[in-house]
Amino acid sequence: MKCVVGIDLGSTTTKAVLMDERGGILGQGITNSRSNYEVACAVAHEEAVLAARRSLLERAIESLEGPGAAGAKAIRARLFDALRLELYLEELGELEDSVARHVAGPAVRALRDVLEPAAHQVLGEMRRTAPDLFLGGAPRKSDFFRDVAAAGFMAGAERVSANGKVPFDRLVGLFDRAILDVEVRFRRPAFAPLLRRALGRVAPENGSQGGSARARIESALREAADREIEEVAFVGTGYGRQALPFPREAVKSEILCHGRGAHDSFPDTRTVLDIGGQDTKAIQVDEHGVVTSFQMNDRCAAGCGRYLGYIADELNLGLHELGPLAMQARRMVRVNSTCTVFAGAELRDRLALGQNRADILAGLHRAMMLRAMSLLARSGGITNAFTFTGGVCKNPMATKILEDLVRENYEGGITLHTHADSIYMGARGAALFALDDLRAGRPGILPNFGRAAAQPAEDPPCGRADPSVRQHGQDVDD
Amino acid sequence: MTTRTGALESAKDRSQLHQKQMIAGHFERLARAREDGRKVVYTFVPGNLTELIGALDMLPVLPEINALQSGMRGRSGGYILEAEKAGHSEDVCTYVKCDIGMLRGGNIGPTGTKLPEPDVLLLSYTGCFTFMKWFELLREQYKCPVVMLHVPYQADGRITPEMRGYVVEQLRDKVVPALESIAGRKLDHDELARRLTLSARAEDDLVAVWESARQRPSPIDGYFGGVYYIGPIFSAFRGTEEAVEYYRELRAEVEARIAAGEGPMSPDGPLGPERYRLVVEGPPNWTSFNDFWRMFSREGAVVVASTYTRVGGLYDNGFRHDAQHPLESLADYCLGCYTNLSLPARVALLERYIRDYQADGFVINSVKSCNSFSAGQLLMLRELEKRTGVPGAFIESDLVDPRYFGKSNIENRIQSYLQMLEARRQGGYS
Chain V
78 MKCVVGIDLG STTTKAVLMD ERGGILGQGI TNSRSNYEVA CAVAHEEAVL AARRSLLERA
138 IESLEGPGAA GAKAIRARLF DALRLELYLE ELGELEDSVA RHVAGPAVRA LRDVLEPAAH
198 QVLGEMRRTA PDLFLGGAPR KSDFFRDVAA AGFMAGAERV SANGKVPFDR LVGLFDRAIL
258 DVEVRFRRPA FAPLLRRALG RVAPENGSQG GSARARIESA LREAADREIE EVAFVGTGYG
318 RQALPFPREA VKSEILCHGR GAHDSFPDTR TVLDIGGQDT KAIQVDEHGV VTSFQMNDRC
378 AAGCGRYLGY IADELNLGLH ELGPLAMQAR RMVRVNSTCT VFAGAELRDR LALGQNRADI
438 LAGLHRAMML RAMSLLARSG GITNAFTFTG GVCKNPMATK ILEDLVRENY EGGITLHTHA
498 DSIYMGARGA ALFALDDLRA GRPGILPNFG RAAAQPAEDP PCGRADPSVR QHGQDVDD
Chain W
26 MTTRTGALES AKDRSQLHQK QMIAGHFERL ARAREDGRKV VYTFVPGNLT ELIGALDMLP
86 VLPEINALQS GMRGRSGGYI LEAEKAGHSE DVCTYVKCDI GMLRGGNIGP TGTKLPEPDV
146 LLLSYTGCFT FMKWFELLRE QYKCPVVMLH VPYQADGRIT PEMRGYVVEQ LRDKVVPALE
206 SIAGRKLDHD ELARRLTLSA RAEDDLVAVW ESARQRPSPI DGYFGGVYYI GPIFSAFRGT
266 EEAVEYYREL RAEVEARIAA GEGPMSPDGP LGPERYRLVV EGPPNWTSFN DFWRMFSREG
326 AVVVASTYTR VGGLYDNGFR HDAQHPLESL ADYCLGCYTN LSLPARVALL ERYIRDYQAD
386 GFVINSVKSC NSFSAGQLLM LRELEKRTGV PGAFIESDLV DPRYFGKSNI ENRIQSYLQM
446 LEARRQGGYS
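Sequences listed follow chains V and W, in order. Add 77 to the 1-based position in the first sequence for the numbering used here, that's all there is to it. Add 25 to the 1-based position in the second sequence for the numbering used here, that's all there is to it.
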């Protein structure tokens with residue numbers, strides 16, 4: 078099947094969207110942006126391809142009829158949770174290898190006898206408890222391996238260092254170094270083997286749910302895995318778009334892409350607020366999704382996603398935990414600063430005064446959103462409907478405060494749209510521009526991520542390249 | 026003629042090279058001023074009285090020109106830090122701090138020669154309150170007299186006979202006698218008239234150059250290229266044969282481009298196909314001037330008119346210096362400078378430019394440290410969009426403080442804006 082690809086290379090995360098010829102989303106991928114932007118693109122793109130295969134499989138299972146169909150549908154959700162588990166375990170394996178390399182290095186020579194068994198114990202515990210994490214029905218906290226693994230490692234490190242013999246900081250330091258190696262490795266997860274392992278977990282051959290349901294899923298899996306995905310056009314956007322291995326004409330401004338992506342998701346959108354890692358954009362669009370006016374922060378990233386990241390670090394929390402904690406506030410502490418550094422100082426002062434963490438966090442969220450409101454006003458105000466996008470949109474407190482501020486500052490009747498995939502809006506807009514190329518018959522100009530992100534010989538990508546993904550058009554590396 | 030002056034330098038027209046030589050020559054004259062026995066007047070670009078200064082055989086020094094030249098030569102950052110060490114706040118105009126820093130470092134001018142100290146500070150106040158504070162600082166330093174010409178603000182968007190009379194009276198009764206006293210000679214009115222006649226000739230050619238941008242493609246860039254065009258007439262050369270010659274040559278160069286159907290020069294050589302015609306409000310950033318220019322030129326964007334190139338004289342509304350009415354025309358010149366216009370008058374001028382030059386869009390470069398110029402620019406943007414239906418862009422940088430030029434942010438905005446213009450031109454997406 079023909080599809081187009083949009084890549085949004087943001088300062089914090091890189092997103093990829095695969096879109097079919099009708100504008101439907103086939104797959105989405107996201108990863109932390111790394112110092113090597115090409116690797117980030119390649120990883121996000123591979124994730125999107127994997128998600129597209131998953132989506133094809135999901136559709137195939139959905140269309141099953143006859144013997145075993147009901148059983149296959151019944152285990153579908155659990156199957157995909159198991160797939161996430163397999164992906165996690167694959168990356169965990171890389172983390173184990175990386176920790177082993179670092180623990181053998183000269184930096185920890187004096188403490189090797191203590192750190193090596195402690196790290197082994199923590200990682201072993203993470204591997205043992207992983208199935209509960211993904212198959213135990215717990216809500217999904219983060220899209221990133223780093224976040225999930227960091228939470229597990231920190232908890233384990235606290236336990237093993239409780240005896241006072243293992244230095245906690247040095248143990249966590251090992252993780253900090255090892256995770257960097259894992260993040261900069263490009264991998265091509267092989268869909269079919271991963272899915273078969275996942276299937277083995279939720280429908281063992283000799284288990285009660287085996288038999289026809291398993292056979293039907295395997296057949297659907299073959300169909301999904303073998304289906305040719307023909308990528309015919311790419312468009313890139315985002316803060317790091319100039320670093321993308323794309324020709325000039327295949328690079329679009331993130332303002333246009335976010336505006337278009339939001340409008341495509343909610344066609345009544347006229348104002349868009351996008352808060353990303355280091356920029357905030359207030360965008361006005363017309364009835365076609367074409368940008369008519371915009372404002373973005375300049376010279377200073379106060380009040381952007383990194384602000385929350387810094388606050389989360391100050392509180393030793395995961396970024397995804399901030400919003401839910403702030404939602405527990407009983408009152409809103411007034412925080413005056415949107416400067417990230419000053420806000421951190423204010424946070425420490427207020428904690429020292431004994432004020433409640435949730436209450437302070439609520440105030441910090443409000444300070445941040447007030448800054449966004451100012452930018453919106455400068456861009457021409459809010460016109461119905463209003464769509465909030467970007468990574469910060471996933472923070473429930475940020476969204477709640479934005480709703481409150483819109484109500485306080487604008488006449489009633491403003492609808493605020495948010496989307497579960499708000500973080501992908503830029504990539505979605507980019508994919509729509511690529512779709513324009515496809516529909517207009519313009520030649521697709523495609524990069525070769527695999528080569529751009531080639532790994533050293535001693536560190537080959539895990540799994541093999543997906544042979545059924547074809548990239549058409551002019552190869553810019555040639 | 027196009028000249029490439031080196032692999033790392035930008036391409037330049039013959040006129041650009043010519044004006045560089047003229048400015049360098051002026052700095053050489055300043056360096057020799059004391060030995061030549063010539064008196065030196067420090068004064069500002071908007072409302073400068075160059076014909077009067079020249080007629081009294083004095084030499085002008087323009088601190089803003091020194092600051093922007095220091096900015097372009099990569100020296101302003103150090104000068105600003107020097108001024109901040111001396112207690113000048115982060116929020117003070119960076120032209121001022123650049124000048125103060127240069128002064129504290131020995132007053133070595135942009136071309137590397139020492140600038141002479143002033144014999145008088147001639148403060149013609151046209152819309153910028155900071156000018157007054159600036160010369161108060163220089164007065165403390167140099168212990169020299171200040172001659173003040175108060176130019177009333179055009180609050181209602183027009184010059185009244187009373188305003189003109191008020192300025193003429195000051196010129197006649199205060200400014201001319203004070204300058205005569207310092208120059209040690211009486212004003213030769215015939216010489217002043219001769220100079221005013223030369224000014225008007227150069228102004229005719231300059232206006233023809235501005236108006237050439239009505240052509241498609243525009244043969245000039247009326248902002249980035251325009252700052253070279255205004256160099257002689259805004260600095261020391263108005264009312265001289267050299268300026269008349271320069272503008273004659275410039276006009277011929279532009280007319281030759283029109284005949285050949287060519288666009289203007291850019292830092293990378295002749296501009297490619299003209300894709301966007303823009304009007305710009307606000308001064309350029311000087312510390313990354315060529316980078317800033319390339320953000321436009323590499324996208325095929327040409328500036329067809331700008332208001333910054335009118336801060337030292339607004340001639341395309343019909344005003345010319347007039348030898349028949351010397352003091353009155355000097356008064357009208359000062360009153361009519363762009364910096365002395367009210368917000369509605371500025372909006373009206375920009376609106377006219379957008380319509381007359383068939384602009385696809387307009388860009389406001391809001392300068393952080395220039396409160397008098399930047400205040401109200403967002404309002405101007407909205408009003409212009411409303412009146413013309415043409416979308417505007419708003420970017421922020423600074424005059425000569427390199428810390429306030431965020432290249433990737435500014436480039437991001439400009440690219441976004443130009444892509445937005447393209448999308449609107451297409452009437453939507455397919």
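No lab work stands behind these hints: they were computed from the structure. We treat Cβ as the ideally placed atom computed from N, Cα and C, and that holds for glycine. Any given hint could turn out to be false.
[As the list claims (entries may be wrong)] Not everything, but these chain W residues come out facing chain V in the computed CB check (under 10 Å):
| id | residue |
| --- | --- |
| 1 | I184 |
| 2 | P186 |
| 3 | L403 |
| 4 | N434 |
| 5 | N437 |
| 6 | R449 |
| 7 | Y454 |
Structure-based check of all given hints:
1. Proximity of I184 (chain W) to chain V is violated relative to the hint, the smallest CB-CB distance being about 34 Å (cut-off 10 Å).
2. Annotation: interface hint on P186 (chain W) violated; nearest CB of chain V at approximately 41 Å, more than 10 Å.
3. The restraint placing L403 (chain W) at the interface with chain V holds, with a minimum CB-CB distance near 6 Å, inside the 10 Å limit.
4. Look at N434 (chain W): its Cβ gets to within about 5 Å of chain V, closer than 10 Å, so that hint holds up.
5. Hint status for N437 (chain W) relative to chain V: holds, with the closest Cβ pair at about 7 Å, below 10 Å.
6. A distance limit of 10 Å between C-beta atoms decides the matter here; for R449 (chain W) the minimum to chain V is near 6 Å, and the interface restraint holds.
7. At a threshold of 10 Å, the smallest CB-CB gap from Y454 (chain W) to chain V is about 6 Å, leaving the interface hint in force.
Consistency note: the structure conflicts with the earlier hints numbered 1 and 2.
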